[in-house]
Each structure stands twice: as structure tokens, then as C-alpha cells.
Amino acid sequence: MDERLEEDDKTALEELSLAPPHRKAHSYSHQLRTNTGTHKHRHHQIRKHSLDENQIMINHVTSKNKVYNDGDVNSSDEDEFFPYSTGSGNSGGGGVGSVSERHVDYIGLSQRIEGIALRDGGACDEGQRLPQQPLPEFVGSGGDVGVFKAPNRAAVHPSRPTCLELRPHPLRETQVGKFLRTIACTETQLWAGQESGIRVWYYSDAYKPGIGTGGRARRGDEDAAPFYESANTSPAICLMVDHGSKLVWSGHKDGKIRSWKMEQNFSDETAFKEGLSWQAHRGPVLSMVISSYGDIWSGSEGGVIKFWPWKAIEKSLSLTLEERHMAALLVERSFIDLRSQVTVNGVCNISSSDVKCLLSDYVRAKVWAAGSLSFSLWDARTRELLKVFNIEGQIENRADLSSTQDQSVEDEMNVKFVSKSKKEKSQGFLQRSRNAIMGAADAVRRVATKGAGAFADENKKTEAIVLTADGMIWTGCSNGLLIQWDGNGNRLQDFTHHPCGVLCFCTHGGRIWAGYVSGMVQLLDLEGNLIASWVAHNGPVIKLVTGNGHVYSLATHGGIRGWNISSPAQIDNILRPELAAREELYTRLENVRILVGTWNVGQGRASHDALMSWLGSAVSDVGIVVVGLQEVEMGAGFLAMSAAKETVGLEGSSIGQWWQDHIGKALDEGSTFERVGSRQLAGLLIAIWVRKTLRTHVGDLDVAAVACGLGRAIGNKGGVGLRLRVFDRIICFANCHFAAHLEAVNRRNADFDHIFRTMTFTRSSNLLNNAAAGVSSAAQMLRGPNAATVNPDEGKGKPDLAEADMFIFCGDFNYRLFGISYDEARDFVSQRSFDWLREKDQLRAEMKAGRVFQGMHEALIRFPPTYKFERGKPGLGGYDSGEKKRIPAWCDRILYRDSRVASGQECSLECPVVASILLYDARMDVTESDHKPVRCKLNVDIAHVNRSIRRQEFGKILESNEAIRSSLEAQRFVPETAVSTNQIVLQNQDTFNLKITNKSGVDMVFFHIICEGQSSIKEDEVQSDFRPRASYGFPLWLEVTPGAGMIKPDQVVEISIHHEEFHTLEEFVDGIPQSWWSEDTRDKEVILLINVRGSCSTDTKMHRVHVRHCFSGNSVHPDKKSNASSRHGPSSNQKIAPKHVEIHSN
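Here the working numbering is used: the first residue of the sequence shown is 351, the next is one more, and so on.
These are calculated hints, taken from the structure and not from any lab test.
All C-beta atoms in this analysis are idealised placements derived from N, C-alpha and C, irrespective of residue type, glycine included.
It is possible that part of the hints are untrue.
In silico lysine-lysine, BS3-like type, Cα no more than 25 Å apart, as pairs [as the list claims (entries may be wrong)]:
| # | residue 1 | residue 2 |
| --- | --- | --- |
| 1 | K1451 | K596 |
| 2 | K528 | K706 |
| 3 | K737 | K810 |
Across the chosen pairs, the derived CB separations fall in these ranges [unchecked claim]:
| # | residue 1 | residue 2 | range |
| --- | --- | --- | --- |
| 4 | D687 | A882 | 39 to 49 Å |
| 5 | G1222 | N1096 | 32 to 42 Å |
| 6 | L842 | E1404 | 39 to 49 Å |
| 7 | E1410 | N840 | 22 to 32 Å |
| 8 | R1182 | P927 | 48 to 58 Å |
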């Protein structure tokens, strides 16, 4: 195309150094290498690329355009042009020269495998016949500051502790029916409950490589550490660990409780199976806990709470596999329905809301049951209801009425539109219909906001509960509120450290870990002071557990990360540079071509030929196609209905679906491309297709819409967006329609700014939702408004688009040509003098001044203005010649911003997405609208992490680095403690005060008392075998208070060891107690284990204390007691391997 460049254009372009030629992608990804000349691959031998890219980059950096986005707004030269142009340099060495050998060309692979040819008999248009080299680009000013600056990226996150990525973030699409819902830790394993069953990881396998593509792991688990899976079951909702029985218990959606043996022979080939299971509830088992006395408590919908006596469970576990049915029946018949026990004459004193959380307070032997807005407190030993109170701490002793439940809000909306003639409709229909449209939108908005009071209560919903080492109870709400309670249910104080909803807690020593819906994790001390916070995941953190010296976090997308128990600490400062130094080993570089098309269709329809000319002719080498349409459908009635549907979460139209279907046909959807998703807002529509050979690396689609029309509520103007992960990098697309008319430049700038700052991405209504992974509706609702205003990384607002590695804007921006007449513009167009017209382009002038599209790139325009044409009139003679004679303009544009913050940056983990434009044109042969469709083909290099390799390197560093090993060894330190005796003898109703002394003058000590087992003493003083209860619970005749707590330096704590008569109920029938009792008069002995640890200790020391109850009053012969060493002897203060015996469950 011959053009007469104006003088400053020529000067600028001549002085620009040559950018790297397009690096054609080929082969599967390889690790980043520095010695390029020595690595040869047979599938690369056919390629003969120049190797002087390093020198080209250097020349480019030292050229006149050293800073490409800092052009002087008063300058007349073209410093804002980004220097991509054609050419090749001399052969030379250098690390950068082999960049092309690190790419994957999925398009070339697809063409070779599938034999894809160009459509229409292989004919291709002008853009296809010409060599596709990067085009020169214009870059707007202001992209180096504030929210418009590309986000910082690094090989290792600089502002959070290093973590073990046990299971990297899988794409959502790969997890359908397999979402992880919860996790739990044993001494050697991490268990996870998922929608199809159970899976388990061994800590010893944590640093092993993933199975990889083509292995036994399904898609989404290729880079996860090796794991084992159970046979398929109903979705698992909750897990709890029973160390005493060496079982993991799971509660399921089908109402069953299932047991799983910790110690079994797991196999890659065979799914492991459940043990004892029974039907516990009619509805799902929402929560479970093992009390201080070894009984299993479970909660379900409607406020139902049941407990299952350990004696019945123990008997069932002893039965053989052949007797499994009998065992299940035995347990099922043994339950006690606590809700029915506190219901008198149909009046129940506890809430009928779902029992979301159960907590065992093993300090005081109580059980907390948490509903959404109320709590019930129970005695774990007698199972009596102690107290019912609401989230404000107020006691509730009244019937739970249905009025407390959410009421549906109904309203009638009748909007009458006055019909107009076609002539009247064609003249300013928006102005005439303004009242009707705004009335409809306001009516729907009133309906939605009538429940504002109810939503205020929703924000206060309890989402998580935890017992801390000092005996306090903490609860987290869906509005981010943290509430501290004492053990009797008295509200003490509350804190807000983050505005998003709290979803989970865990504790270790003197620290509280809190996980939020924003993906943030916070560390608090026992007083509620914030110690540290960081973004742990890019999705809600739904579970936190401790095990193996780590806190493991589970995100709603299924990713699992392990954080050192002492983080943030010195070990993180050692690990971070060590891991970053190995960047080359785990870096992978890919290449993708993206075709973006925009078209204002003017409420028309397109022929197949038009779609082929626009899109089909350019997709032979493209992996992703994104199409943005404007004015798909307009009219006052449609706009009002669209506003109404948006208010209640609905979107889309039949005409929008028609466009998607016909574009799909042009793209050979089904065999070559797959439609991934779309979003429609009134007349705006954006949709995306991905080539099937690339589909496994693309997913996590989120959508967004921002209205910019009347009152910022109507979608006749605005933007729709898509966000997705491509090779683990975030790329966003926005299709916009800005304010019209020549003089409305400031309104157009404001539309862009409004869309850029407020576009908030959420999951599409027709895709998977957070509920699949256990995120409450209240937490989801809170996520939306906060997402655009809360940036956990920096503590200040940063838009979703600003956080993307790359975003692309397309649409009818409506910027016009200024200072030029209709005839002048027609003359310049007919002479193809686009260089002169560019000087009159409003968008270019505004970008140059840094007032819009700050820092964004656009290829130099070399096609005629795309607006306004008479429909059906081909060629340049089709420009509007009617009464108004609208001046031709480049209204339809496509711009992008990648990861570069400075010129000359290569694609790397620090600059993960680098793009260039290969094609930018308008299809002048398409005549179905008054706008011409525009398309832009981008060549995108993407750097990402092979997470399996990085996990391996992480493990190697932990093993080899002496400083880290010393730090980990220091974490094993447990302060010295002593107990006053290791033998206690109790008569009936006796109490003995056991003293535990913290001998450290510096460190706090945290203790937890469990019962290792119980035995009966025969008349000949011979003991039976010690048998533990579930989770090492106490026998019902023994009260230990407090069962856990902390001891300050040089302090002593007294533990009350008390015998209390308790008659055991031998049998229940359908939950109804029988009328006869039995009494065991034999002497009994238990072994109490007092486990102590420091604030961040990974090891535990234990004291073993024998407690004997002499029912008959017979004297005790100490010489016949086992393990009766002195309290200062080795057996009374033993150090054991890392062991986590806090068995409480949230």
C-alpha cells in the first residue's frame, strides 16, 4: 500500500531500530536455555532463523525511542510509535537468539496433524498473501504510572512467603464434578474431599514431579504432586481426622458419614474404598466434629444436630466386612437427635438454619454449633443444651419462627411504551425514550434493593469458627468481621482487618490464620493484632489446616499451597532468592496468535460470505478468536428489558445467540474451534473461540459488563469483557461502545475511564459457580463490590483490568476526525492519504496527551475510515452522502497493553506477555452495516512456570541449603516443662489438681491433654489392653479441666482431674433411650498424654500420666503399674516426632 508519510512520520520511522523479526513458533515447550548454540532438536532443523536478536534488542534500547510511552504531549514528532518493523539482521550468538526454540506452535502442530487448509479452496486475501511481520505501533502516553502501569511480575512472588505448591491451580473447566471442597491433615498425609470422593497425598511425595500430560492424572492434575483417589462417592463436604482410631471421617451430600483407613496399601491402579459408613441425615452432612469424649457430632440442614455414641461406633468398627450391613445398622440406630430433645410441644429453642460449623471446645468439654446468625452451646459430656445466643451475643430463649428466614421480595413492574412511527423512532429515540427506560431500570432496582435489610443480615453470616490456644473462640463473618468469644458464649471484642468475607480459620500455637474470599491469608496474634497478610490464591481460600510443619490452604479452584508454619520468617528470605536463581530450569515460553474483530452491526445481520471475509479468511494460524459486536439489538423496549434482566442477573438475547452461531460456522466451530463463552449487555456482545489443540491451556473464563448509558445504568453505551487464563497468564478482552457525536470527546474519555476502573469480572451465570466448592452465597455476593476496590497486594484499589498480564480493547469508540470537512476527508481517503487523516484523529490526539487508553498500543492505521457508510453500497463511494454527510472516521478500533513497562523487554517471567501486531485492517467489501468490520491479529509470546519442576527445585533447596536446614531444625524446639506427678489415684467423686510448669523464662508453652487409652483392672490386678476412644477422647467418668491452654514463661497451670459418676446407656433404639441401665464396677485406668509445644514448634513433647479410678476403694500397688517412672525421668518428658493432635474440626 503506497502512502505519503508526512515528514515527521518518515523521520520517526527511519530512526527506529529494527525490532526482532517474528519468531515463528514450533514444537512443544522446552526449558529456557542460555547456551543457544549447543542445543539442537531434530524438529527444529528445518528452521533457519537469524540469531542476532540480542543485538537488535540492544540497538533498540539505545535508539531515539528509549521510553516508548513517554512522548511529549506538545511534540509534533512520532516518539509514541513503537518500533516494530520488518527486516532481518546478521547472524550472531547470544542467549536471546534461541527464543524461538522455546516456543510451542500449537497452530502449526494442528495444521500438520489435521491437515487444515485455508477455506474457500485455499484462496486467501491480501492480508494472508503478504508476509506477516510486526507492524509499527502507536503508543499512548501515561502508561507508566498508576493503574495504567503493567503489574509487576517475578519468578518468585516478592511480597509473600514462598510456598509448596502441592496442587497448582487447575483450570475450572477441568474440575467439573471433581472440585475439591475441603482438606484435613494427619501425621503423614493430607486428605481432600472432592465432589466425586476422597483423595490423599503423602507428605513424603510432596516434592515429587507431577505425572504430567499423558500420565494417569486427568486434565488439571498434570503438575500436582502424586496422590491417590478413592472410588466414586457422593460429594464430600467435610472431613475430620480421628488419630485414636487411625481413621478419617467424611460427611457427604447424600447424608452419609464414611470412614477411611489412614494406614492402607494405596495403589495407582486401584481406587481405595470406604470402611464403615451409615446414613446419618436425610440432607447433606454439612459439618462434623469429635467431642472431648470421643462421640461424633454432625450437623445438617434445618438446624438438625445428631451425635453418635462412641461405644456403638467402636462395636461397629470391630465387625468384619461380611457384617458391614449390620455394622451400619447398629450405628444408624444409635444416634440421638439433639434438636428433637430440645423441642417441647413443637417449640424448639435452637435455630432452624443450617448447621454450617461444629466446634469441639476441648478446653472445657463443650460443643459449639454455628448457624448463619446464631449459636447453640452444648455440654459434650451430658449433651445438654447450655445456651442459645445470636451473633451479637444476645441470649435467645424463644422459638425459632419462620419469620427469621429470608422472605422473597415481590413487586409488580408495569412499563408502558408508547409506540411511535418509524420516522419518529429514527430521530433521537434515546432522548424520547429516556423516561421509559429509566423508569423500567429504577423499578427493577427498587425490587432488588427492597431486600437490603435482609442483605445486611446476610453480610453478618457466620462462615467459620475456631478454638485458639488460649481457650478463646473466634468466628468469622461474611463481611470480614472477626469476633472473639469466651468459652461461655460471651462476646468479647471484634476486629476488621479486611473488608472481604472470612471463609476459614486454623490455629497453631500463638497464631491464628484466617482465609478470605478475596484469596488473602492473614496471621493474627491471640489478641487479634495483625501480624502479616498476603494473597495466597487468586480465588477464595475455603480451608486452612496444619500438618507437617505447614499450614495448607485450599482455594475454591482446587489449588493447594503449603506455607511454613513460622512464615513470614527468615526462612522465606533464604528461599526466595534461591528459588529465583533457578528460574531458567522451570521457565517455559509459548506462542499464541490471537485474532480480535470488532463490528458495529447496526442491528443488522451478516451473510456467511461477510463473516468469512472478516474472520474466516484470517484464522488459519490463529489459536484464539475474540469478536466484539455493537448494536446487535437496540430500541427502547429492548434496552429497558435488558436493564431489568441485568438487575436480576440475566443476560443475552436470541439475536446475540444468532450471531454467535453464525460466527461459529465461519470459524468451523466443533471441529477446529470451540466456543468458550460470551457476555452480552443490551446491544453489546463479546464472544471467544479457542482452537481445540490449544484448549487444554485456556480456561477459567470470567465475564463482566459496565453500563455507560443513561445514568450509568442503560447498556446502549458501555463495555462487556472476558477474562481468561492462557498458559497460566491472565488476558482480558473488552468490547466497548462510547458516547457518540463529534464534540463528545470528554464523554468518550470518561466512558473509557469508567469502564477501565469499574469492570469487575465474575463467573458467568451459565458456568460453574463458587457454590460447587463450598463458598457461601453471602461470601460470593460480597466479593463482587469489593473486587474493584480491594487489592490485597497493595492495600489500595486497583482495577481487575490493571491486574491482567495483557488486555485488549476493541469496539466502536466513536472518536471522529476533527478540523476537517466532509469533502476534504473524502478527498484524502480517495487519495489514500491516511497519514494526513491520522493527524486529525481525535483518539490519537487524546492518547498522545495521555487522556485516554494510557500506555496502550495500536498499529499504524493504513486502511480507510470505517464510518459512516450507506448499507449495501460497496467501495469508498459508499460513504454517507445523505443530508447529514457525516465525516468519515476511524470509529472502530483495536488496542492492547501487554506486560512491558520499558522498551526492549524480552518475554520472561518478569515480563510474561509480549505482543506485536501482524495484521490490522478493515474489510471494506462488507456492506451489511454503516460500519466496516475491523480485525487485528496479534502475535503473543507467553512465559510461564512449569510448576512441577519448580516444586522439585523447591524440595532440593530445602534439602541442600544449610541455612534453611538450620532454620527448620530450630523450629523443632519445644520449651522445657514438668508435671507434678505421673500417677494419680481417684476414688468416687475425687478431684486431683495436676500442675504443669513452664520452665522456660522466655517462651510460651501450649498444652493439649488427650486420653491415650483406657483399660479395666481385674480382681487379680491384671490390666486389660488399653483401648483409645475416637480422637483420644476421655472416658465419660473423667473430667479434665482445662483440657488445653497456654502457660506463660516461668508460670504454673493447674489441671483439675475429677471423677464424676456417669451411667452409660447401653443401647438406643431409633434414637429413643431405653429404661434400663448397667453399671461397670471394675477399677479403671487411663493414660493421659500432655502434649506441649512452643508457639511455632513443629515437634511436640509429651508427659504421660496414669490416672486410676478405684471403684471398690482397694489400695493401689504402684509396683504393678507400667510406665511408672518419676516425673523427671525420660518417660515423663519425651520428645516425639512432629505430631498434630489438635483434632478439633471447623
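Each hint tested on the structure:
With a C-alpha separation of about 21 Å, the suggested pair K1451 and K596 falls inside the 25 Å cut-off, and the hint holds. In summary, the hint linking K528 to K706 is supported, as the alpha carbons are separated by about 22 Å, within the 25 Å threshold. For the suggested pair K737 and K810, the alpha carbons sit about 20 Å apart, so the restraint of at most 25 Å is met. Roughly 44 Å separates the CB atoms of D687 and A882, a value that falls within the hinted 39 to 49 Å.
With their beta carbons about 35 Å apart, G1222 and N1096 fall inside the hinted range of 32 to 42 Å. Checked against the hint of 39 to 49 Å, the pair L842 and E1404 fails, with Cβ atoms roughly 24 Å apart. One distance hint, 22 to 32 Å for the beta-carbon pair E1410 and N840, holds here, with the actual separation near 25 Å. The beta-carbon spacing between R1182 and P927, approximately 56 Å, falls within the hinted interval of 48 to 58 Å.
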